[in-house]
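Here's the letter readout for the chains.
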Amino acid sequence: MLTYTIRRLVLAIPTLLFISFIIFLIVKLSPSDPTAGLPLTIPPEVREQIRESLGVNQPVLVQYFRWLQLMMWNEPLHLLEGWTGWEIAPDGPRVISYQTRSPVMDLIMQRMPQTLWVVGVSYIVGILIALPIGIISAYRQYSWFDQIGTFISMLGFSVPTFFTGVLFIVIFAVNLGWFPSVYDTTHVVTDWDSFIVQIKQIIMPVMVLGLFNASQISRFMRASMLDNLNQDYVRTARAKGLTERVVVLVHVLRNSMIPVVTVIALNVPAVFGGAIITEQVFKVNGIGQLLIIAIQGGDIPVVQTVSFIFAVLIVLFNLLADVLYGVLDPRIRYD
Amino acid sequence: MFDTTNAKKLVEVRGLKMYFPIRTGLLRKHTGDVKAVDDVSFDIFEGETLGLVGESGCGKSTCGRAILRLYEPTEGSIKIDGVEIAQTDFNSLRKMRPTMQMVFQDPQASLNPRMTLAGIIGEPLSEHSKMTSDERLARIYELMDAVGLNRDFANRYPHEFSGGQRQRIGIARALALNPKFIVCDEPIAALDVSIQAQVVNLLEDLQEKFGLTYLFISHDLSMVRHIADRVAVMYLGKVAELAPRDEIYADPLHPYTKALLSAVPEPDPVAHDTANRTILQGDVPSPANPPQGCNFCTRCPVVMDICKQIEPQFQEVRPGRFVACHLYENTTKTAEKVA
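Protein sequence lines, in the order shown, are assigned to chains P and B. For the first sequence, counting from 1, position 76 maps to 76 in the numbering used here; every step adds exactly one. For the second sequence, counting from 1, position 81 maps to 1081 in the numbering used here; every step adds exactly one.
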């Protein structure tokens, strides 16, 4: 298992280099101009000088390797210094955002907690809702519970979050006035009252995203349970004289969780990526919103860096999912 | 030969019916039943092996599972060791489980892939007895010895074993709680021929050692001839004939039994070529829509008019020999019934 993991990690390096290059090319190919957002009164010569200073007139390959060099060496050292306090970061240049003129990594670090908090909680809530629904739906297949669960899952699947988000705002914020429509990231929880305020403002984004996650995972759970419920070993378990609870929760569920756990692991990078649209709807200033603003402003370093970090996470969690499969299923061995 | 005259009845099945509902249409209305087992009655005596034979889809396995209440029987009574189990509630049934066990057909699928061998064999022990973990392990080793599995295998998973070894695990599991009655549901069908003999001999040894009673379900007539004391022949959800082994193989009464036995391959080429085989025409009717009268009337080589109208009674025509066929009934009596 360890050699397998190490081999996969080594193989991930060329993969990620390739991905970073493709991302870089795609972003460069887009017809955005970092000076387009500047006032029209700026004379063309000055504009050209600004472009020159940003380095966008250099050959694409040169730009790529400069970015790569910073991304691979300087930025990780800065990150490490930020976490540990060791003074190891080099003084040299960093990947700078065109719009804010601050290092991209700092921007990401500022945005990350909000995203992890809102999207992460919604993911966990989604899983917690989805698992029991999936289990009961499968156990009572075609019952009313299953039919209603299927209907709601289909809704959650097919209705996009920009619609459910706005719908929730109209119903719960505008008409009923229960929850605020904007998520205030400056809010600090100090006592019970501020905790209530935090709960109130997080409920709507969490529900919108949780509905989407739950519909996906509950379908997986249901399908996987159904696969296993009709297996012969379940009949063996009943013949052993086990209680129905043990049969379902120990024998069936443990075997059904294998594919579900990997699906859950594979979707974790999306949590870090933030929910671009939902963050926009509820004004959560997380990673998703950072990415949208960067795309709108032609802020190439931010787009590139954020996309690259997603790619790293996706590769890592794919590996994690594969390793988990090996841990959970004794029939699968990696040597 | 097993003597049935003064043996105690361990299993009594009376009028067992197992119908699976057919639901069709938008509202899934109940429009019919697949009559997998339709009014079956027989006894199994303590210590004997009853062979249950028949072609695919005739309801053998369903019958075996229904007897252990792995299905909810539609109707009928099943008494095992004097206790009625057809209608008992789930909890008292659960406490009955140690008495009756099952060896399943597919040794691969019937073992939980995520449990070790010790877990599989030990689970019924922890569920039904108050053993400490040391006692349990000792019992697991004892069972593994009994079925001829190396003790070092205790922490391995089912996929690491061959088919024959897996079936041994299944047998050890079934034996764990000292059952009296074991339903062997085609235990050798999924195994290589060389392994089949090993498993069947193991089952025989265990029967002798622990005084077990078997219901041995199989479509392998030669194997049933080897292991069974009495043989029941099923056709389309009903028992056509039930008789002691030697008599049924020497002198089958029911036309279906005759046809079935004549289909057993003959190893001697000369005898094979000259054998007078009864080849049945047509297909087995659907169990959802069985023919009127005798189930076998659509394919019977000696069919009579009465067979298409009246269902023959399953009755004892000679001592120990039961058959459901108009050929052996008191015809005058049935003729009166028709009139």
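Check the hints yourself; a few may be wrong.
A few chain B residues that don't get close to chain P, going by computed Cβ distances all over 10 Å [stated by the list, open to error]:
| id | residue |
| --- | --- |
| 1 | F1090 |
| 2 | M1096 |
| 3 | D1106 |
| 4 | E1135 |
| 5 | A1271 |
| 6 | T1278 |
| 7 | A1288 |
| 8 | Q1309 |
Footprint (simulated), chain B over chain P, 3 or more residues, beta carbon under 8 Å [as the list claims (entries may be wrong)]:
| id | segment |
| --- | --- |
| 9 | 172-180 |
| 10 | 229-238 |
Cβ-Cβ distance ranges computed for the label pairs, FRET-style [claimed, not checked]:
| id | chain 1 | residue 1 | chain 2 | residue 2 | range |
| --- | --- | --- | --- | --- | --- |
| 11 | B | A1288 | P | R140 | 51 to 61 Å |
| 12 | P | D227 | B | G1032 | 21 to 31 Å |
| 13 | B | Q1087 | P | R254 | 24 to 34 Å |
| 14 | P | N230 | B | T1274 | 40 to 50 Å |
The set of hints was computed from the structure by calculation and includes no laboratory data. Every value quoted in this text rests on a predicted model; they were computed, and no experiment measured them. Glycine included, each C-beta is placed from N, C-alpha and C at the ideal position.
We went through each hint and held it up to the structure:
1. F1090: The claim is violated: F1090 (chain B) sits with its nearest Cβ about 7 Å from chain P, within 10 Å.
2. M1096: Given that some Cβ of chain P is not farther than 10 Å from that of M1096 (chain B), nearest at about 8 Å, it is violated.
3. D1106: Nearest chain P Cβ is 6 Å from D1106 (chain B), so the label is violated.
4. E1135: At about 18 Å from chain P, E1135 (chain B) clears the 10 Å cut-off, so the statement holds.
5. A1271: holds, 39 Å
6. T1278: holds, 35 Å
7. A1288: holds, 20 Å
8. Q1309: holds, 40 Å
9. 172-180: violated (count 0)
10. 229-238: Coverage by chain B holds for the segment 229-238 of chain P (7 residues, Cβ < 8 Å).
11. B:A1288 to P:R140: 51 to 61 Å: About 26 Å separates the Cβ atoms of A1288 (chain B) and R140 (chain P), which means 51 to 61 Å is violated.
12. P:D227 to B:G1032: 21 to 31 Å: holds, 28 Å
13. B:Q1087 to P:R254: 24 to 34 Å: holds, 32 Å
14. P:N230 to B:T1274: 40 to 50 Å: holds, 47 Å
Hints 1, 2, 3, 9, 11, counting from the list given before, are not met by this structure.
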